[in-house]
Amino acid sequence: MWGSRWTVLVGRRLIQVYAITAALILAYPTVQLFIVAASDDIVFPPRYFSFTAFNLDKLPTLLETMPFSIALGLATTGVLLALAIPTSYATQRMQFRGRALASAAIFLPVIIPGVGYMVALGTAYILVFPDLIGSFAGVLLPTVIFNLVWMVRAVQSSLSVTDPAYEDAALMLGASRIRAFFTVTLPAIAPGIAVGAMITFANSTTAFTAPYFLGRTTALTTTVGIFNELSRNSLIPRLAAEALIVELIVMSFVVAAYLMARKRFRGLII
Amino acid sequence: MPGASLRIEHLTKRFGAVAAVDDVSFDVAAGQFVVLLGPSGSGKTTILRMVAGLEVPTSGRIWFGDRDATRTPAHKRGVGYVFQRPSMFPHYTVRENIGWGLKLRKMPRAEIERRVTAMIDLVQLHGLDDRYATQLSGGQAQRVVIARALAPDPPILLLDEPLSALDAKLRDELKDVIADVQRRTRKTMVMVTHDQREALSLAAKVVVMDLGRIAQLGSPADVYRHPATAFVASFVGNTNLVHGTVTTVLANRRMTVRALGQEIDVRSEDGLTPGDAVSLSLRPDDLEVIEGRDRSAFPYVFEGHVRNVVFIGGILQMEVDVAGELLRVHAAGRARFSLMQEAPETVVIGTSELVVIPGAT
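Those protein sequence lines, which keep their order, are chains E and B.
Position one of the first sequence corresponds to residue 6 (our numbering), numbered consecutively onward.
Position one of the second sequence corresponds to residue 1297 (our numbering), numbered consecutively onward.
The reader is advised that the hints may include incorrect statements.
[Stated by the list, open to error] Now the stretches of chain B that chain E is said to cover, found in silico as 3 or more residues with beta-carbon under 8 Å:
no.	stretch
1	1393 to 1407
2	1440 to 1447
[Said to hold, decoys possible] Quick list of in silico lysine to any residue cross-link-like pairs, SDA-like style, CA-CA up to 20 Å:
no.	chain 1	residue 1	chain 2	residue 2
3	B	K1399	E	L191
4	B	K1399	B	R1381
5	B	K1372	E	F186
6	B	K1465	B	R1493
7	B	K1402	E	M203
8	E	K268	B	R1427
9	B	K1402	E	K268
10	E	K268	B	R1550
11	B	K1471	B	R1410
12	B	K1372	E	F187
13	E	K268	E	M203
Please keep in mind that the hints were generated in silico from the structure rather than gathered at the bench.
Don't be surprised by glycine CBs; every beta carbon is placed ideally from N, CA and C.
Bound-form chain E, shown alone:
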């Protein structure tokens, strides 16, 4: 009796320690960036703080690249919403020859090293579609491909726990298959779609590999812009401030999307 109570108490304490440690590790980069942005003092803890690095007029990289980053994030999320939902539905609910192959193929872009994938795609661009290099569409395509798996897996997971009986019930109430899908299944898998969209938006807004290799100087995300500056300077307060602002903007979009989804799909999203 006492042994089991003691085990429970120790177990709880271990979980707490684990959770706090994990939170500290995850939060550390943000804290570090903030310290650098707010002070270029090399002593820890810093002796003085200043927010001058957050002056937007002095953040040219951010101002130049942020519109492209957000456009890329929104476009990637939009394209993937249109692609991933039917892909997930087909691979999860339908029986057809090659289903397993299609499911596995989705993982290929994240299994092959990104550099190799970019070299292959860059070669195809140079040989067949040279105009795509340095263009929005040229960066959008690989960003969509790289994120497809996350969106599809999130929607598939939601579909796998959504009882097909919902759709059959809608049919029995007089709805066609398409109507049953849009009015019953789609809202029921909204949590998976919301999660997939949030991951996709965050990933693509801060994308690095595709814009770095195929964006030239005309299609760059803020991440690549910051990296380019970093390769010329050390981590200066201005760059840390830019990284923090990107983080804040992405988080604002994600939280806003979450709140909208929660309001729209009451009963489904906590």
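With chain E's structure known, arrange chain B on it following the hints.
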């Protein structure tokens, strides 16, 4: 809308080489409650899904009244369906779920409200109108699904094991709700279950299924008292199946069977001749312990040794060894207490219900 009749003609469904449903035919009268009873894999749900249009038959026909509905798409059949697992749409409230099919039919809002309220009354869901599925018990969610299926006023309601996902108490409650709904609406209902108690208590007609075929079809009392096969006898209610051999066939539609260490005089079955193997079905509930009573009141009397006694509340379950065969006997009433107290080593048991089934067990 009153219930419509349903006719199933030579219905067959094959999945590859396996016949899930094999040449099944039966009728359901308008307003009748029919239960398809059978173990898992007997084909009962496949029949229901074919009637609903969710599966396409390999062959055979399905008639709603005088309309051939075999090839009609599911969403145009106009039948209600209640699924095994509560299929309440999770993103709609109770009211929105019940009104879903009515909204689809573009009914006026006031009419939808009136009908939804009537359905909430019918399945006794008052006060839960604005709740979501996650805020309801399994039984309440299943009531919502029944109300939703009935709201568009379908002539036929199909219920696929609607009670199986619920605990015993909720199952009993919902069973009463279903019986009440059927009485009040006079809808034609076809329910699938593997629970013989549900089947016997709800159905006007029971279709017992085994391996994709109909094993027996009849009223609950008929199927229970006169099982056609050893499978039906053992699946519908508890029974003792005892091996016997026909010894003589008499002229007056009687015959004697050697079983339980004695010659037993029973009604003869067509086609049986001396030497044929038969099974005798003796229900534990029909067997009585005769204590100082007149043995002549029982056509069939056996003596045996008590091997095991278990008190399970309403009945005393005894295992009695009669000529090497172990018979289960359920003693009920005050007799169960005196038997427990006396703990006899041997008992005399009697019954007037004994069914002869051709073939060995």
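For each hint, the structure was consulted:
1. Counting residues of the stretch 1393 to 1407 of chain B whose beta-carbon sits less than 8 Å from any beta-carbon of chain E gives 4, enough to reach three: the coverage restraint holds.
2. For the stretch 1440 to 1447 of chain B, the stated coverage by chain E is satisfied: 3 residues place a CB nearer than 8 Å to a CB of that chain, which reaches the threshold of 3.
3. Of the supplied pair hints, the one linking B:K1399 and E:L191 holds, its CA atoms being roughly 18 Å apart against a limit of 20 Å.
4. In summary, the hint linking B:K1399 to B:R1381 is not supported, as the alpha carbons are separated by about 24 Å, beyond the 20 Å threshold.
5. With a CA separation close to 17 Å, the supplied pair B:K1372 and E:F186 stays within the 20 Å bound.
6. For a cut-off of 20 Å, the pair hint linking B:K1465 to B:R1493 stands: about 14 Å separates their Cα positions.
7. For the suggested pair B:K1402 and E:M203, the alpha carbons sit about 36 Å apart, so the restraint of at most 20 Å is broken.
8. As the CA atoms of E:K268 and B:R1427 are separated by approximately 16 Å, the hinted pair is consistent with the 20 Å bound.
9. For the suggested pair B:K1402 and E:K268, the alpha carbons sit about 26 Å apart, so the restraint of at most 20 Å is broken.
10. As the CA atoms of E:K268 and B:R1550 are separated by approximately 76 Å, the hinted pair breaks the 20 Å bound.
11. Proposed proximity of B:K1471 and B:R1410 is contradicted: the alpha carbons are some 25 Å apart, above 20 Å.
12. The straight-line distance between the Cα atoms of B:K1372 and E:F187 is roughly 18 Å, inside the 20 Å bound, and the hint therefore holds.
13. A hinted pair counts as satisfied when its Cα atoms are at most 20 Å apart, and E:K268 with E:M203 qualifies at roughly 16 Å.
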